[in-house]
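> Take a look at the letters that make up each chain.
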Amino acid sequence: MSEPFLIGDTMTGGYGKGPDILHGCTIAVEKGEIAVIVGPNGAGKSTAMKAVFGMLNVHSGSVRLDGEDITALSPQDRVIKGMGFVPQVRNIFGSMTVEENLEMGAFIRNDDIKQTMEQVYELFPILRDKRNQAAGELSGGQRQQVAVGRALMTQPKVLMLDEPTAGVSPIVMDELFDRIIEVARTGIPILMVEQNARQALEIADKAYVLVQGTNAHTGTGKELLANPEVRASFLGG
Amino acid sequence: MSFSLRNTFLVLFVAGLYVLEGTTDFWIFSGSPDSALKMLNFALISAIMALGVNLQWGFAGLFNVGIMGFVALGGLAAVLISMPPTEGAMAAGGWRVLLGLVMGAATIVLTVLVRAKMPAGTARVLATIILLVGGFFLFRWVFDGGVEGIEAINPALFGNIGGLNFGGENYKDYGWMAIVAWPVGGLFAAAAAWVIGKTALGLRSDYLAIATLGIAEIILAVIKNEDWLSRGVKNVTGLPRPVPYEIDLQNDPGFTEKAASWGLDPMTASTLYVKIGYSLLFTVFLIALLWLAQRALSSPWGRMMRAIRDNETAAEAMGKDVTARHLQIFILGSAICGIAGAMMVTIDGQLTPTTYQPLRFTFLIWVMVIVGGSGNNFGAVLGGFLVWWLWVMVEPLGLWIADVTTAGLDPTNWFAIRMSEFGAHMRLLTMGIVMLLVLRFSPRGLMPEK
Amino acid sequence: MDYLNALVALANFVIVPGLAYGAQLAIGALGVTMIYGVLRFSNFAHGDTMAFGTAITILFTWLFQSWGISLGPLPTALLALPFGIAGCALLVLGTDRVVYKFYRAQKAKPVILVIVSLGVMFVMNGIVRFVIGVRDINFADGERFIISARDFKEMTGLDEGLAIKTTQMITVVVAIIVMALLFYFLNKTRTGKSMRAFSDNEDLALLSGINPERVVLVTWLIVAALATTAGVLYGLDKSFKAFTYFQLLLPIFASAIVGGIGNPVGAIAGGFTIAFAEVTITYAWKKVLTYVMPESLEPDGLVQLLSTDYKFAVSFAILIIVLLFKPTGLFKGQSI
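Residue numbers (the UniProt record's numbering), protein chains in the order written: chain S, 1 to 237; chain P, 1 to 450; chain C, 1 to 336.
Derived by calculation from the structure, the hints in this document are not laboratory data. Note that CB positions come from ideal geometry on N, CA and C, so glycine has one too. Please note that a few of the clues may not be correct.
[To be verified] Anything over 12 Å on all C-beta distances counts as not near chain C; from chain S, calculated:
hint: 1; residue: Glu68
hint: 2; residue: Ala72
hint: 3; residue: Glu103
hint: 4; residue: Ala151
hint: 5; residue: Arg185
[What the hints assert, rightly or not] Calculated lysine to any residue pairs in the SDA-like style (CA-CA distance at most 25 Å, straight line):
hint: 6; chain 1: C; residue 1: Lys109; chain 2: P; residue 2: Arg309
hint: 7; chain 1: C; residue 1: Lys188; chain 2: S; residue 2: Asp112
hint: 8; chain 1: S; residue 1: Lys81; chain 2: C; residue 2: Leu206
hint: 9; chain 1: P; residue 1: Lys224; chain 2: C; residue 2: Ala149
hint: 10; chain 1: C; residue 1: Lys326; chain 2: P; residue 2: Met118
hint: 11; chain 1: C; residue 1: Lys287; chain 2: P; residue 2: Phe137
hint: 12; chain 1: C; residue 1: Lys107; chain 2: P; residue 2: Gly202
hint: 13; chain 1: P; residue 1: Lys224; chain 2: C; residue 2: Ile281
hint: 14; chain 1: P; residue 1: Lys234; chain 2: C; residue 2: Asp309
hint: 15; chain 1: C; residue 1: Lys165; chain 2: C; residue 2: Ala149
hint: 16; chain 1: C; residue 1: Lys238; chain 2: P; residue 2: Leu359
hint: 17; chain 1: P; residue 1: Lys224; chain 2: C; residue 2: Lys188
hint: 18; chain 1: C; residue 1: Lys332; chain 2: P; residue 2: Phe137
hint: 19; chain 1: P; residue 1: Lys450; chain 2: C; residue 2: Ile281
hint: 20; chain 1: P; residue 1: Lys117; chain 2: C; residue 2: Lys326
hint: 21; chain 1: C; residue 1: Lys238; chain 2: C; residue 2: Leu63
hint: 22; chain 1: P; residue 1: Lys198; chain 2: C; residue 2: Thr328
Full structure from sequences and hints, please.
Below, the structure written as structure tokens:
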């Protein structure tokens with residue numbers, strides 16, 4: 001098997017000087033695929049994602065992007081390397097307009113961003129209508145679209161989403177998943193953490209079940225959906 | 001160096017600074033025991049203020065920048081308690097002023113009650129406005145008349161309501177009334193602290209700072225302008241004192257004889273006697289307050305206080321009423337500042353509102369607490385002594401620096417002219433730099449909290 | 001009843017001075033609010049920053065005057081203002097370098113930064129006193145009035161005069177320019193937007209590749225410009241005295257909080273609210289009322305709600321009311 005596009009390889013570490021939360025955990029995403037991380041509360045799903053993004057101390061294992069070791073880089077430098085990250089909370093500039101949010105997303109770029117912005121508006125048409133409205137005034141689902149749109153503005157080579165559907169209604173959640181699939185179809189690999197394991201597994205090409213900071217199960221979304229053990233413990237039978 | 005050895009050294013060092021001031025005129029020291037004692041007395045008062053602020057900041061993390069106001073209120077209490085009532089003032093308008101104040105308070109209480117009863121809406125807003133505006137005009141009408149009456153009484157000498165000293169003409173014989181005034185000063189400050197705390201505690205930490213900054217300015221504006229109360233900028237002088245008067249001592253043959261046997265002339269002996277008397281009184285108060293503060297903080301209440309400071313969210317989750325606890329300690333700390341303020345007016349023998357400067361009475365106390373060690377009562381007291389010494393000595397030090405740096409320069413040189421004023425400005429600069437250095441390199445202060 | 005004279009008296013004693021004072025407070029409050037928005041603390045050294053910038057401006061004004069340079073009817077201080085801003089910028093950037101940067105790296109709690117700013121206040125206060133002394137300095141030159149009360153009376157034939165001081169006019173004009181520039185910068189330029197983004201959501205701004213140190217640098221530069229401008233305008237209108245500038249801290253904080261701290265529009269609204277409240281409450285209304293009331297109802301007192309000595313009480317009272325009923329301020333605060 002060739003090296004995946006982005007891989008956090010046997011990562012062990014925790015926040016600051018605190019105890020280790022991850023213990024030899026591996027997550028990866030291939031080009032053109034959606035990889036999801038699921039697991040029970042406190043399993044370290046978000047932590048694993050943040051480790052890949054450089055937001056915690058990984059003292060053994062490595063993170064590689066397109067074959068390059070980026071373990072020592074800061075999150076900001078990883079953004080420059082082509083990683084887009086959408087945090088779970090506080091992921092928009094609430095007091096700024098939708099368009100300004102997108103502009104800020106492209107802050108590191110010095111070239112013309114109009115085209116990218118156009119692409120984002122095509123992906124999320126509602127944002128075009130609300131482009132001059134303060135992002136903080138939008139509905140939960142629309143805000144998540146702004147957040148994803150902002151991350152897309154850097155033209156990332158890989159997009160990481162931390163629980164994009166947290167706190168939105170089931171209908172909005174379905175729509176968000178559709179959008180995420182659309183983003184993936186544009187060729188951007190997506191790595192995401194999801195609380196709603198069943199829906200996430202349905203759209204996942206690759207899925208990781210984490211338990212207490214280690215990999216419990218790995219496989220395609222369909223495989224894990226079919227796995228009786230996974231069904232029993234995470235999907236309610 | 002063990003911890004207690006370090007502390008012993010620090011205490012001896014600071015004590016040494018005061019001894020040097022009293023005994024040698026080398027370098028910047030004056031070599032006058034009188035000046036050393038004066039410095040000590042003010043240091044004792046400052047230490048009490050620092051103790052009060054340390055309760056608020058060190059033990060509860062409350063940021064009070066209105067110390068000056070509480071200190072000034074204490075000073076007002078000294079006047080209102082230890083001075084004799086102005087003859088005829090009550091009849092001329094005193095009752096009317098009191099009635100006015102009661103009406104003012106009643107307006108506020110009534111408004112609060114009405115607001116509590118009425119449902120929110122336009123009607124309530126209207127009722128509030130009508131009550132407040134109507135109450136205000138009524139209050140002014142009653143109050144102003146009274147003020148006029150009082151201020152008309154012999155304005156060159158009085159024009160104020162006076163105090164509660166029942167000695168009349170011989171009020172100075174009742175010097176102990178001054179000591180009674182000290183705790184009353186604490187009560188005054190506590191009342192003001194209650195009002196501020198009720199409003200600003202529980203909001204973001206810097207709002208309390210700004211609110212206290214404001215109340216201090218207002219308290220001072222009241223003391224400066226309400227002549228009927230405090231004679232304003234005309235000052236109240238001749239406050240009674242709890243220690244004997246120098247002149248009486250000098251006229252006492254027993255005392256002069258005793259002084260002679262010590263080898264002192266009566267003049268020097270009497271000033272030293274008076275100052276030592278104050279020192280002893282203040283020391284008793286300081287030790288008592290320190291003891292109480294220590295007792296309080298090792299009690300369950302004190303432990304809870306520190307638990308709240310260290311983790312407010314956790315304490316709140318455990319069902320502690322953080323705001324109520326903060327209010328308690330804020331009132332206590334402010335009261336201590338009020339006591340110190342009353343003491344200061346007593347030792348000065350006069351209330352001079354224009355001498356209250358925030359840099360001297362608010363920010364200097366902060367430097368004391370931070371240098372001494374926030375969270376440690378002994379540290380705050382030590383900081384009080386050390387920083388007061390510095391505050392006084394910086395001026396001669398500045399002059400010395402000015403002398404050294406401008407030696408050989410033409411006195412009309414720009415730099416020389418600027419440097420000649422340097423002593424006075426040096427205080428602010430030094431205090432600021434000391435504060436910044438301690439915050440940066442030793443944020444826990446000289447005597448850190450254990 | 002004479003409404004026209006009443007109106008003129010009102011304009012002369014309340015509206016014109018209130019506008020000028022409001023503009024000064026608003027620019028001061030903008031500085032406080034910018035620091036709060038980006039650096040997240042209430043800067044107690046702001047009054048002394050204003051004093052420092054003004055002191056440098058005064059020094060340059062004197063220098064220009066000694067060279068015989070003047071702006072004709074306008075005060076020379078306007079010419080010296082850029083130099084004052086530059087001096088002030090050097091001071092605040094130096095302070096940030098030596099003092100604040102350390103605490104930023106430590107992610108110190110806001111209250112620690114407030115205490116640190118107290119120390120900075122001491123030092124700046126000492127520097128200002130060293131540079132220019134403690135005296136009251138009047139440095140306004142040029143034409144004193146655009147229109148004096150007497151000219152106005154002659155022109156209109158009214159009993160009441162309306163005097164407009166040059167400095168009042170300049171204050172309002174400069175304030176409008178400053179505000180327009182600031183809003184253009186914050187809303188239209190990339191750097192300005194990145195500052196708003198940083199103020200709104202620091203973590204996300206970092207993720208977007210916004211350089212925090214650059215944002216901080218630009219903020220201090222703007223603060224230096226705002227503080228110096230506010231200080232110079234106030235000094236021209238009244239006079240310069242180091243201690244007065246410290247005392248301005250209270251109305252300026254009140255303006256920023258009343259408007260919603262961190263919100264520039266709020267700072268401006270707050271500045272005018274506080275200024276007009278102060279002026280109307282401490283103004284003796286007798287004159288205006290005698291014109292509008294029927295003779296029988298004419299007031300016998302001064303009809304002054306509070307003596308001018310209590311002007312701080314006004315800002316304070318408004319501050320308390322806002323804190324009690326709407327702690328986020330009239331406009332929603334918290335971010336620029």
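> Can you name, in rising order, the numbers of the hints this structure does not satisfy?
Result: hints 3, 4, 9, 17, 18 and 19 break, sorted rising.
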